[in-house]
Amino acid sequence: MKNWFVALGGVLGYFALIFLYTLGAYLLVRSPPWFRYLFGFSSLSIFFGLLARTFHWASVAHIVLAESILIGGGTLFSLFWAFFSKKRPDPGGGAQRSPEERPGKSDSPATFLPAEGGDEEADLPVSRVREEIGTLLDAGLSVLVYGPTGSGKTSGVLMECLRERQAGDAERSILLISCSDGMEDYDLLNRPVPASPQEKARTLRAMAREHPDVRIGSLSRLFGDWDRAEGPLRSAFRRAAGGERLTIVFDELNRSSVSALNLILKVMDPVLGHYELFDFTTGERLSCPLDRLVFCATCNMGEGYGQTRELDWSLLDRFPGVVFMDYDARLEKQMLMDLGVPPDLAGRMVHVALALREAHRTGNLAAPLSTRHLKNWGRLVADGADPENIAPCLWVNRLVSHDRLGFPDKDQVHGIREVLGRTFRGGRKS
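Under UniProt numbering, think of the first position of the sequence shown as 1, with each following residue one higher.
It is worth saying that the hints were derived from the structure and are not from the lab.
The beta-carbon is built from N, C-alpha and C at its ideal position, and this holds for glycine as well.
Don't take every hint at face value.
[To be verified] Okay, the calculated beta carbon distance ranges per label pair: (1) Arg172 - Asp383: 36 to 44 Å; (2) Pro125 - Leu12: 51 to 59 Å; (3) Asp291 - Asn262: 48 to 56 Å.
Please construct the entire structure, taking both the sequences and the accompanying hints into account.
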């Protein structure tokens, strides 16, 4: 019986060892360097211990003792190195050095700057998103535009395309619905709003005339302090049912609640050649022909957007056109020039944004420089601010990682300063 328990323990221990080793290998990718060294050292120690036991180079007791000493010593050394490497002072004795004097990392954002002497305009990537969206809208199709945050999906491209088509089709109106995490399905239909004292008094007087046998206090408790206002989606269907033609734009669609997304999914599903909306707050059903409504939406997709929801495949299927929009460098340069930034300086600022975005894509920065912050930067530069000196208080700390105490990553900050120094003081030539 004892041998059976020993065999069972050996089998369970073997599978437990495989599980722990697989888990360690999975976590190895996300681990700091000291943990990787410790993992490799421990694995080699166990491997050589198995070889020693297989070929009878030493007894089990000696092998276990040697491995315990090696793994324990390796663990203590790794912890010591990981702890004191954070306490190690800068090579310059802690003195703050300029970006030119400080050696940059090989993967710093500055390595992604375009080659000097290139043509500013020719270096900028060409975006055909506006043409793609325009083609879909001209065909009367619903469009979903997704891309990185602050790239101008809604205000800069989609709404402009809709306004251009609205100029040739004055009968079609545009209704923008801003979605948020707290927006529920009833907010789109009949959202609750606080009742004003005047409105509540008027309603109570009317109810008292209709029900003279009921006390006014009972009517007040029955009425409550809330009223309902017509939601934007119900308003759009009511107007479309009355003959208007509308384009409904859901801004940040996947920030809506699950109930709101389910309601949008239902109204975008045609029923016998009509769009149909059932208002469960009133029991009313509204419908309109398909040509009177066009649905458009913008959203952010990816694991980096924590407050968003993954769009269901059935909801994505309701959009015939799904367009990815990256940052439009040429549009950004024109935007800066419209603010009053000289063309040469606007091109340099856009190249800084491109370099930092590439650094973000390769994992060297925590966030990209968005079109929104580039525009704010351009406003101050147009007013006479120095682009290199004003950037740190505007957007530098937005792009870098922070430790558990909230301190910004020094290497990333210095990498950004290196990009700024090379661009505005190193003399990029147009």
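Each hint tested on the structure:
1. Arg172 - Asp383: 36 to 44 Å: 39 Å, holds
2. Pro125 - Leu12: 51 to 59 Å: About 57 Å separates the Cβ atoms of Pro125 and Leu12, which means 51 to 59 Å holds.
3. Asp291 - Asn262: 48 to 56 Å: With Cβ atoms ~25 Å apart, the hint is violated.
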